[in-house]
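**Q** Using the sequences plus the hints, can you model the full thing?
Residue numbers (the numbering used here), protein chains in the order written: chain A, 33 to 138; chain B, 23 to 185.
Do not take every clue at face value.
[To be verified] 16 Å max Cα-Cα, derived EDC-like pairs, lysine to aspartate or glutamate:
1) B:LYS115 - B:ASP163
2) B:LYS115 - A:ASP94
3) B:LYS123 - B:ASP64
4) B:LYS123 - B:GLU172
5) B:LYS115 - A:GLU89
6) A:LYS42 - A:GLU138
[To be verified] Output of the computed footprint for chain B on chain A, the stretches with three or more beta carbons under 8 Å from beta carbons of chain B:
7) 93-104
8) 107-117
Hints are computed from structural coordinates only; laboratory data are not their basis. From the three backbone atoms N, C-alpha and C, an ideal C-beta is built for every residue, glycine too.
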Amino acid sequence: MAAALINVPKKARRGDIIEIKTLMSHIMETGYRHTASGQVVPRDIITSFSCRYNGEEIFRADLFPAIAANPFISFFTIATESGKFDFEWIGDNGFSETASASISVE
Amino acid sequence: MLKPNAPTRRRFLGDFLGLAGSAAAAGAIPVISLRPVAATPDTMASAIRTVVGTATVQVGKVKLEIPPLVENGNTVPMNVSVASPMTANDYVKSIHVFNEKNPQPNVGNFHLGPRAGRAQVSTRIRLADSQKIIAIARLSDGSFWSASTEVVVTLAACTEEVM
Chain A
33 MAAALINVPK KARRGDIIEI KTLMSHIMET GYRHTASGQV VPRDIITSFS
83 CRYNGEEIFR ADLFPAIAAN PFISFFTIAT ESGKFDFEWI GDNGFSETAS
133 ASISVE
Chain B
23 MLKPNAPTRR RFLGDFLGLA GSAAAAGAIP VISLRPVAAT PDTMASAIRT
73 VVGTATVQVG KVKLEIPPLV ENGNTVPMNV SVASPMTAND YVKSIHVFNE
123 KNPQPNVGNF HLGPRAGRAQ VSTRIRLADS QKIIAIARLS DGSFWSASTE
173 VVVTLAACTE EVM
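**A** Okay, structure coming up:
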């Protein structure tokens, strides 16, 4: 069910600062909501997001219930070499998703 | 014919815009007069303490962009940037965002490095109430810098009932 949307430029010049945009579909249930009968809806969120560039971690985020549903995160990196970005989302109830994108650097 | 005090559409819209305008103005004032971290509610202060330790947090360098008037607290765009050269010796290590009135004081922690090139992060957050948001950046030299902004929320997030 889970689906990731990744936006990474396909090409870049060496040394360019590029923006990486990511979106993961997830309910991000806060654990603070109640049903009409008064029961607490248990927390179900993504707690961690990371991005590796050719194996080296370049960005990591700890997420809390205050992050909106379908977490959107954008950040920057310097295009150093052609290769692959690996993205990973980890969350409650064993949630784990990965995605990747490649870039060619001239 | 209309009665003199009938709630016409024009009058309603006029009143609403007037309210929104004054709310936005009220939200804009504290942005200029930044309060020290100690003046915020306890839970946020202690959450900040766990990140910062005993170091002092200076105001500046960080730019926190959130719309001052938010219609729907369930998804609020947030953009944090830090003025930093992002070189191997002088870069932003992490950015931490805190809130005052959500059930939990943390919003998110973002860990960067010199490879980021630009110290800027965007995401979408939830706000349970009109409140103050603080972003704190940890620099590579161990110093902490912050920015805060007041946000007015008309529809709150997080705690509403599920159908």
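**Q** Determine for every hint whether it applies to the structure shown.
**A** Checked hints:
{"no.": "1", "hint": "B:LYS115 - B:ASP163", "verdict": "9 Å, holds"}
{"no.": "2", "hint": "B:LYS115 - A:ASP94", "verdict": "14 Å, holds"}
{"no.": "3", "hint": "B:LYS123 - B:ASP64", "verdict": "11 Å, holds"}
{"no.": "4", "hint": "B:LYS123 - B:GLU172", "verdict": "12 Å, holds"}
{"no.": "5", "hint": "B:LYS115 - A:GLU89", "verdict": "13 Å, holds"}
{"no.": "6", "hint": "A:LYS42 - A:GLU138", "verdict": "11 Å, holds"}
{"no.": "7", "hint": "93-104", "verdict": "holds (count 11)"}
{"no.": "8", "hint": "107-117", "verdict": "holds (count 5)"}
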